[in-house]
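Protein chains: 2
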Amino acid sequence: CSLTEKLPNASPPNIIIMLMDDMGWGDLGVFGQPSKETPNLDAMAAQGMLLPNFYTANPLCSPSRAALLTGRLPVRNGFYTTNGHAKNAYTPQEIVGGISKDEILLPQMLKKKGYVSKIVGKWHLGHRPQYLPLKNGFDEWFGAPNCHFGPYNGSIRPNIPVYNNSEMLGRYYEEFTINRKTGESNLTQIYLMEGLDFILRQTKDRRPFFLYWAPDATHAPVYASKRFLGKSQRGRYGDAVMELDYSVGQILSWLRTFSIENNTFVFFTSDNGAALMSGPKGGGSNGPFLCGKQTTFEGGMREPAIAWWPGHIKEGSVNFQLANVMDLFTTSLALAGINPPDDRILDGLDLTPVLLNRPHTLQSRPIFYYRGNELMAVRLGQYKAHYWTWTNSWEELKNGINFCPGQEVPDVTTHEQKEHTQQPIIFHLGQDPGEKFPISVLTKEYQNVLSMISPVVEQYKKTMVPGIPQLNMCDMAVMNWAPAGCEKLGKCLKAPKSEPWKCDWPH
Amino acid sequence: CSLTEKLPNASPPNIIIMLMDDMGWGDLGVFGQPSKETPNLDAMAAQGMLLPNFYTANPLCSPSRAALLTGRLPVRNGFYTTNGHAKNAYTPQEIVGGISKDEILLPQMLKKKGYVSKIVGKWHLGHRPQYLPLKNGFDEWFGAPNCHFGPYNGSIRPNIPVYNNSEMLGRYYEEFTINRKTGESNLTQIYLMEGLDFILRQTKDRRPFFLYWAPDATHAPVYASKRFLGKSQRGRYGDAVMELDYSVGQILSWLRTFSIENNTFVFFTSDNGAALMSGPKGGGSNGPFLCGKQTTFEGGMREPAIAWWPGHIKEGSVNFQLANVMDLFTTSLALAGINPPDDRILDGLDLTPVLLNRPHTLQSRPIFYYRGNELMAVRLGQYKAHYWTWTNSWEELKNGINFCPGQEVPDVTTHEQKEHTQQPIIFHLGQDPGEKFPISVLTKEYQNVLSMISPVVEQYKKTMVPGIPQLNMCDMAVMNWAPAGCEKLGKCLKAPKSEPWKCDWPH
Ligand SMILES: [Ca+2]
Ligand SMILES: [Ca+2]
Numbered sequence: 001c002s003l004t005e006k007l008p009n010a011s012p013p014n015i016i017i018m019l020m021d022d023m024g025w026g027d028l029g030v031f032g033q034p035s036k037e038t039p040n041l042d043a044m045a046a047q048g049m050l051l052p053n054f055y056t057a058n059p060l061c062s063p064s065r066a067a068l069l070t071g072r073l074p075v076r077n078g079f080y081t082t083n084g085h086a087k088n089a090y091t092p093q094e095i096v097g098g099i100s101k102d103e104i105l106l107p108q109m110l111k112k113k114g115y116v117s118k119i120v121g122k123w124h125l126g127h128r129p130q131y132l133p134l135k136n137g138f139d140e141w142f143g144a145p146n147c148h149f150g151p152y153n154g155s156i157r158p159n160i161p162v163y164n165n166s167e168m169l170g171r172y173y174e175e176f177t178i179n180r181k182t183g184e185s186n187l188t189q190i191y192l193m194e195g196l197d198f199i200l201r202q203t204k205d206r207r208p209f210f211l212y213w214a215p216d217a218t219h220a221p222v223y224a225s226k227r228f229l230g231k232s233q234r235g236r237y238g239d240a241v242m243e244l245d246y247s248v249g250q251i252l253s254w255l256r257t258f259s260i261e262n263n264t265f266v267f268f269t270s271d272n273g274a275a276l277m278s279g280p281k282g283g284g285s286n287g288p289f290l291c292g293k294q295t296t297f298e299g300g301m302r303e304p305a306i307a308w309w310p311g312h313i314k315e316g317s318v319n320f321q322l323a324n325v326m327d328l329f330t331t332s333l334a335l336a337g338i339n340p341p342d343d344r345i346l347d348g349l350d351l352t353p354v355l356l357n358r359p360h361t362l363q364s365r366p367i368f369y370y371r372g373n374e375l376m377a378v379r380l381g382q383y384k385a386h387y388w389t390w391t392n393s394w395e396e397l398k399n400g401i402n403f404c405p406g407q408e409v410p411d412v413t414t415h416e417q418k419e420h421t422q423q424p425i426i427f428h429l430g431q432d433p434g435e436k437f438p439i440s441v442l443t444k445e446y447q448n449v450l451s452m453i454s455p456v457v458e459q460y461k462k463t464m465v466p467g468i469p470q471l472n473m474c475d476m477a478v479m480n481w482a483p484a485g486c487e488k489l490g491k492c493l494k495a496p497k498s499e500p501w502k503c504d505w506p507h
Numbered sequence: 001c002s003l004t005e006k007l008p009n010a011s012p013p014n015i016i017i018m019l020m021d022d023m024g025w026g027d028l029g030v031f032g033q034p035s036k037e038t039p040n041l042d043a044m045a046a047q048g049m050l051l052p053n054f055y056t057a058n059p060l061c062s063p064s065r066a067a068l069l070t071g072r073l074p075v076r077n078g079f080y081t082t083n084g085h086a087k088n089a090y091t092p093q094e095i096v097g098g099i100s101k102d103e104i105l106l107p108q109m110l111k112k113k114g115y116v117s118k119i120v121g122k123w124h125l126g127h128r129p130q131y132l133p134l135k136n137g138f139d140e141w142f143g144a145p146n147c148h149f150g151p152y153n154g155s156i157r158p159n160i161p162v163y164n165n166s167e168m169l170g171r172y173y174e175e176f177t178i179n180r181k182t183g184e185s186n187l188t189q190i191y192l193m194e195g196l197d198f199i200l201r202q203t204k205d206r207r208p209f210f211l212y213w214a215p216d217a218t219h220a221p222v223y224a225s226k227r228f229l230g231k232s233q234r235g236r237y238g239d240a241v242m243e244l245d246y247s248v249g250q251i252l253s254w255l256r257t258f259s260i261e262n263n264t265f266v267f268f269t270s271d272n273g274a275a276l277m278s279g280p281k282g283g284g285s286n287g288p289f290l291c292g293k294q295t296t297f298e299g300g301m302r303e304p305a306i307a308w309w310p311g312h313i314k315e316g317s318v319n320f321q322l323a324n325v326m327d328l329f330t331t332s333l334a335l336a337g338i339n340p341p342d343d344r345i346l347d348g349l350d351l352t353p354v355l356l357n358r359p360h361t362l363q364s365r366p367i368f369y370y371r372g373n374e375l376m377a378v379r380l381g382q383y384k385a386h387y388w389t390w391t392n393s394w395e396e397l398k399n400g401i402n403f404c405p406g407q408e409v410p411d412v413t414t415h416e417q418k419e420h421t422q423q424p425i426i427f428h429l430g431q432d433p434g435e436k437f438p439i440s441v442l443t444k445e446y447q448n449v450l451s452m453i454s455p456v457v458e459q460y461k462k463t464m465v466p467g468i469p470q471l472n473m474c475d476m477a478v479m480n481w482a483p484a485g486c487e488k489l490g491k492c493l494k495a496p497k498s499e500p501w502k503c504d505w506p507h
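So the sequence lines, in the order shown, correspond to chains D and C.
So that you can map any letter, position 333 of the first sequence is 333 in my numbering, and since no number is skipped, the others follow by simple counting.
So that you can map any letter, position 495 of the second sequence is 495 in my numbering, and since no number is skipped, the others follow by simple counting.
Pulled out of the complex, with its shape left as it was, chain D reads as follows (with noise of 0.2 Å):
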């Protein structure tokens, strides 16, 4: 790696990765969010580097971890499903796959530099024993294999568990509460302490670490600590991003108080857009960007994006380069000066040369926007071409579930699968971010961006070889019903009868 041999210090860099859950891009201050409740990240933004052009992987929790952790679209590590055409999958306490032993996660190559790494707060990689974090990689863990939905009464459904390492601690709303009616849980004041406790630790220990912070407060029912509920100006959610940005305020203090601030990098991101169906009250903004979680438009895909490492990323800097998730992966064993995996195609890129401001050639990487199996849409410079358009089914909008939510623009945003690949919808990000206006078709503008982006897509699609799909299988039996520990707490419920089915995934 040549990167190494250029660090004048032989000693690879702590790194930590905070990925927030269904945050916007609008929730940061940096971002616009008219309430400006992120002083913590607007600083870290001005001490390191802004990335405007950060994206996920997948529009959906699930598929994006995978994405990061293993720096592969999940149609090669096999996040998604073949259950339906375009469909996003995710891994609910039915689902009875996980991550693939054949994928090779970030903290299992860290450690050939000696790494230590734990992961604090949400999974969402499979909860079934084999596939929890300890078994993939990670050397500690606080936190949850699945979303906080609940309470359950733990006949038809089981509370998710939480775990310390390979072993259950209680359950969300039964040891760890969350209060439904007033959103009162202190989880983000637990996962922060995991969070210092583990650094103070390796510091002490002189040992390089690995922290994947993922606290899952803005993702619904959106929860905070008394102290910051009703601070915001808009409601539960912007209190729960208040805490958040504090938390990642006392994390960055944290590194300074031990004098390992210019020796560890840290990236801020989200794993998916805002989810707009939570109505005013409930979600989050994704800022100028049209629909939200689950829609491969701006608004489901881009993410803040904040790079901090003082004395090797200069400060207050903005960078227009198109990046994503999967390049932390890359990124980070660069970092590391370890050499990636050979023996299987990596989506992402050594995104070191951009962030260390070195000569590079990553101008022209594409973004892949998939949705489920399908690639809906790809970004190429200003230009983004949509070759499927879909938000839900008009079934579901029926219903009230509306994932555009006073933003539909006519013909693009279709409650129907709509294929356009013979003449893809044309936008240029630039110019119109909301993806209000497409380019004619009987401009040059738009013949010239076609004949631009589609032998990129071409082949690529040539070579693409999708991995086998992990998330097609559901059965109620393996829900947390008894995770290890359980037995010592008194907490193992009695699993119903095996009765697989394909998994219904409904958008």
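Source of the hints: derived by calculation from the structure; they are not laboratory data.
Honestly, I wouldn't trust all of these hints.
A pair holds if it fits inside one copy or across any two, identical chains being indistinguishable in the list.
Stated by the list, open to error - Below, computed lysine-lysine pairings styled on BS3-like, alpha-carbon distance capped at 30 Å:
{"#": "1", "residue 1": "K494", "residue 2": "K181"}
{"#": "2", "residue 1": "K281", "residue 2": "K444"}
{"#": "3", "residue 1": "K502", "residue 2": "K181"}
{"#": "4", "residue 1": "K436", "residue 2": "K281"}
{"#": "5", "residue 1": "K314", "residue 2": "K204"}
{"#": "6", "residue 1": "K111", "residue 2": "K135"}
{"#": "7", "residue 1": "K231", "residue 2": "K204"}
{"#": "8", "residue 1": "K436", "residue 2": "K231"}
{"#": "9", "residue 1": "K398", "residue 2": "K314"}
{"#": "10", "residue 1": "K461", "residue 2": "K112"}
{"#": "11", "residue 1": "K111", "residue 2": "K497"}
{"#": "12", "residue 1": "K436", "residue 2": "K418"}
{"#": "13", "residue 1": "K418", "residue 2": "K398"}
{"#": "14", "residue 1": "K444", "residue 2": "K181"}
{"#": "15", "residue 1": "K398", "residue 2": "K444"}
{"#": "16", "residue 1": "K461", "residue 2": "K281"}
{"#": "17", "residue 1": "K436", "residue 2": "K398"}
{"#": "18", "residue 1": "K101", "residue 2": "K497"}
{"#": "19", "residue 1": "K314", "residue 2": "K113"}
{"#": "20", "residue 1": "K226", "residue 2": "K444"}
{"#": "21", "residue 1": "K436", "residue 2": "K181"}
{"#": "22", "residue 1": "K231", "residue 2": "K314"}
{"#": "23", "residue 1": "K314", "residue 2": "K112"}
{"#": "24", "residue 1": "K497", "residue 2": "K135"}
{"#": "25", "residue 1": "K231", "residue 2": "K444"}
None of these values were measured; they are calculated from a predicted model.
Using the hints, position chain C with the ligands against chain D.
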């Protein structure tokens, strides 16, 4: 004035108001513009105070500027029309009227403490001799009385003159070129030089100064100088923003060069929301807000705002105080230690307690949204009540004029003037900055808000005495045919016979 008593230094601060033209809230990086064209403004915010709840007094140039310089609503200072209900009026070339001699303008007041005042750029308070800046308190002027529409051939309409003080120096598209095809013009650079030169001279002479810096590069037809053309990611509009941002940076840097930054109060804002009807290539961004210029939705009247005064205003602060351009009149007087006029109602409040972080009672002040002579909406706290809704007529819409392209909200962005005085449409702007989700009239929240806002509005309406409307009459004979100084230049044109008519304001 209480402020001056507390100021350690008796010499009043210099005042610079930077007023942009049609620049939107969402055009600043710090307010979420994805193209991030404003490193200097973002730095200005980091060194000063950001005011996310700052408003104009009217969604159109002339009334907004009249309000700023008089501290009074257009309906009081006469910058409105009674030719039609809720129609916006301004000062095109054919306008007969201008700022009334009964109004007192900020530079007239500032003279009391020896301030020297200059306006650089667009005036727009009437172009007939008696209405020009040097007849209304300014000591110097470099710029134009109207917008830079054109080019005209001089027979039906003359091109707009550019004045140096009280004499014209030439005309737009003639001596002061704007290339309509390429968008190239060095006007912003000229306006920058004029500003810097003025600051230099007053600093040398040790005189307090007021600089009203009002460039118009972001008003259609948008222009930028060669150095900036093609530099932004969103076309010519972004190029213009980059050049204005560069100029702001140069002015602030100039203040530091002369070590007068601690004695110079600088305020940056815009006269109205971005004009969306120019389409994706020509206009700016109003961020998350609804519609744009000409409308009383947030996109028409919420303005970017930064206050900067090193050593006095806390750096990197954000203040959610509801404020508006008329406050700049009253605040400037407070800073200068001058008592405001006591023979008239002022709508502007003294913001110095907000800016200087002192105790105050400004929290409950309302914001009034006018369109022409009609109070369309009122904001109190986080709530906004619409008493009238209108974008523009169906007829205009059919002709392609759209103030809310891609943003129609049913029953909100109405194409007829719709009255809701008995049951206003109410939004919570914290939770719903985009005014997309009216609060249901059946809720307790709605009733609570109504009972809070109604008495405020009733009291306000009871005491409101409109001024004499100045923008009712038009006449081709009053155009800029033969501005002062035209003889010297041989650029006098022959005016047609006077045939006044009642101006027709379409929206
Ligand atoms: Ca998520
Ligand atoms: Ca304007």
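Hint check against the structure, violated hint numbers in rising order: Structure breaks hints 3, 7, 9, 10, 11, 16.
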